[in-house]
Amino acid sequence: MPMAPLSSRCTKNEANRGAWTAEEDQKLAQVIEIHGPKRWKSVAAKAGLNRCGKSCRLRWMNYLRPNIKRGNISDQEEDLILRLHKLLGNRWSLIAGRLPGRTDNEIKNYWNSHLSKKIKLKEKQNRGFMVQSEHEKTNVMEMDHIVDRRDEGTSTRNVDSQNSFIGDDLFNSSGEGPLNLEWMSKFLEMDESWFELLHDM
DNA sequence: AAGTATACCAACCGCGAGCGC
DNA sequence: GGCGCTCGCGGTTGGTATACT
Numbered sequence: 001m002p003m004a005p006l007s008s009r010c011t012k013n014e015a016n017r018g019a020w021t022a023e024e025d026q027k028l029a030q031v032i033e034i035h036g037p038k039r040w041k042s043v044a045a046k047a048g049l050n051r052c053g054k055s056c057r058l059r060w061m062n063y064l065r066p067n068i069k070r071g072n073i074s075d076q077e078e079d080l081i082l083r084l085h086k087l088l089g090n091r092w093s094l095i096a097g098r099l100p101g102r103t104d105n106e107i108k109n110y111w112n113s114h115l116s117k118k119i120k121l122k123e124k125q126n127r128g129f130m131v132q133s134e135h136e137k138t139n140v141m142e143m144d145h146i147v148d149r150r151d152e153g154t155s156t157r158n159v160d161s162q163n164s165f166i167g168d169d170l171f172n173s174s175g176e177g178p179l180n181l182e183w184m185s186k187f188l189e190m191d192e193s194w195f196e197l198l199h200d201m
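The opening residue of the first sequence carries number 1 in UniProt numbering; numbering runs sequentially from there.
Think of the hints as simulated: they come from the structure by calculation, not from any bench. Each residue gets a CB set at the ideal place from its N, CA and C atoms; glycine is no exception. Where hints are given, some of them may not hold.
To be verified - In silico EDC-like links for lysine to aspartate or glutamate, alpha-carbon gap of 16 Å or less:
# : residue 1 : residue 2
1 : Lys117    : Asp79
2 : Lys69     : Glu106
3 : Lys122    : Asp79
4 : Lys46     : Glu23
To be verified - Pair ranges (Cβ atoms, derived):
# : residue 1 : residue 2 : range
5 : Ser113    : Asp25     : 21 to 31 Å
6 : Gly48     : Ser93     : 28 to 38 Å
7 : His35     : Gln76     : 32 to 42 Å
8 : Gly18     : Asn72     : 21 to 31 Å
Build out the structure end to end from the sequences listed, making use of the hints.
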């Protein structure tokens with residue numbers, strides 16, 4: 001396994017690791033307020049933090065940034081995550097970009113700890129396996145609730161079939177290779193209206 | 001009450017892309 | 001064009017909280 005470039009790794013001098021303290025948060029926020037969220041290495045140095053720039057960036061992006069929403073992901077947001085994931089796969093930053101106030105890390109965690117399990121259980125149930133625990137039952141019921149809402153109304157169905165088409169097109173890409181890159185770039189340049197459709201569903 | 005298993009999530013790691021020199 | 005630096009992304013780890021036995 002080739003080593004990553006030295007510049008991408010935290011050095012021995014940047015020894016402070018683990019959970020951030022309130023004091024560190026405050027120092028970081030102060031420096032960013034003055035210098036802006038860029039040049040993370042120098043931000044870390046200016047703040048007098050024994051942390052690498054990467055760590056500072058992550059802390060800012062996931063916790064200290066203004067307008068961050070934390071916890072309590074709503075049904076609507078969950079629904080949107082499911083749809084976007086179906087469409088985009090594990091493109092967490094893109095998905096997060098469509099959920100104001102949510103971070104890629106939070107969505108990734110939410111997916112890994114909640115949604116992926118729910119989906120597996122749903123598939124298990126669809127294959128005819130018994131759902132045994134109360135926890136499993138709750139998960140399946142929640143998935144049913146989301147699917148039911150998605151299937152309400154003809155306009156929803158129409159949009160859903162459009163999504164399916166887009167998703168299939170996106171991931172099948174004329175049968176060769178994992179992605180149609182030309183299509184993907186067009187998709188990423190799409191205006192907001194298509195995503196508003198997702199919100200309205 | 002104590003030990004163990006599981007769930008959750010903050011933080012770290014490695015990699016690749018973009019940019020400037 | 002090559003090199004080094006910086007940034008952003010997605011995968012993974014590890015600590016803590018909670019549930020279960």
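Consistency of the hints with the structure:
A hinted pair counts as satisfied when its Cα atoms are at most 16 Å apart, and Lys117 with Asp79 qualifies at roughly 15 Å. Note on Lys69 and Glu106: the hinted pairing holds, with a Cα-Cα distance of about 10 Å set against a maximum of 16 Å. With a C-alpha separation of about 15 Å, the suggested pairing of Lys122 with Asp79 holds against the 16 Å cut-off. Note on Lys46 and Glu23: the hinted pairing holds, with a Cα-Cα distance of about 14 Å set against a maximum of 16 Å.
About 24 Å separates the C-beta atoms of Ser113 and Asp25, a value consistent with the hinted range of 21 to 31 Å. Our hint of 28 to 38 Å for Gly48 and Ser93 holds, since their Cβ atoms are close to 30 Å apart. Separated by about 37 Å at the C-beta atoms, His35 and Gln76 satisfy the suggested range of 32 to 42 Å. Between Gly18 and Asn72 the C-beta distance comes to about 26 Å, which sits within the given range of 21 to 31 Å.
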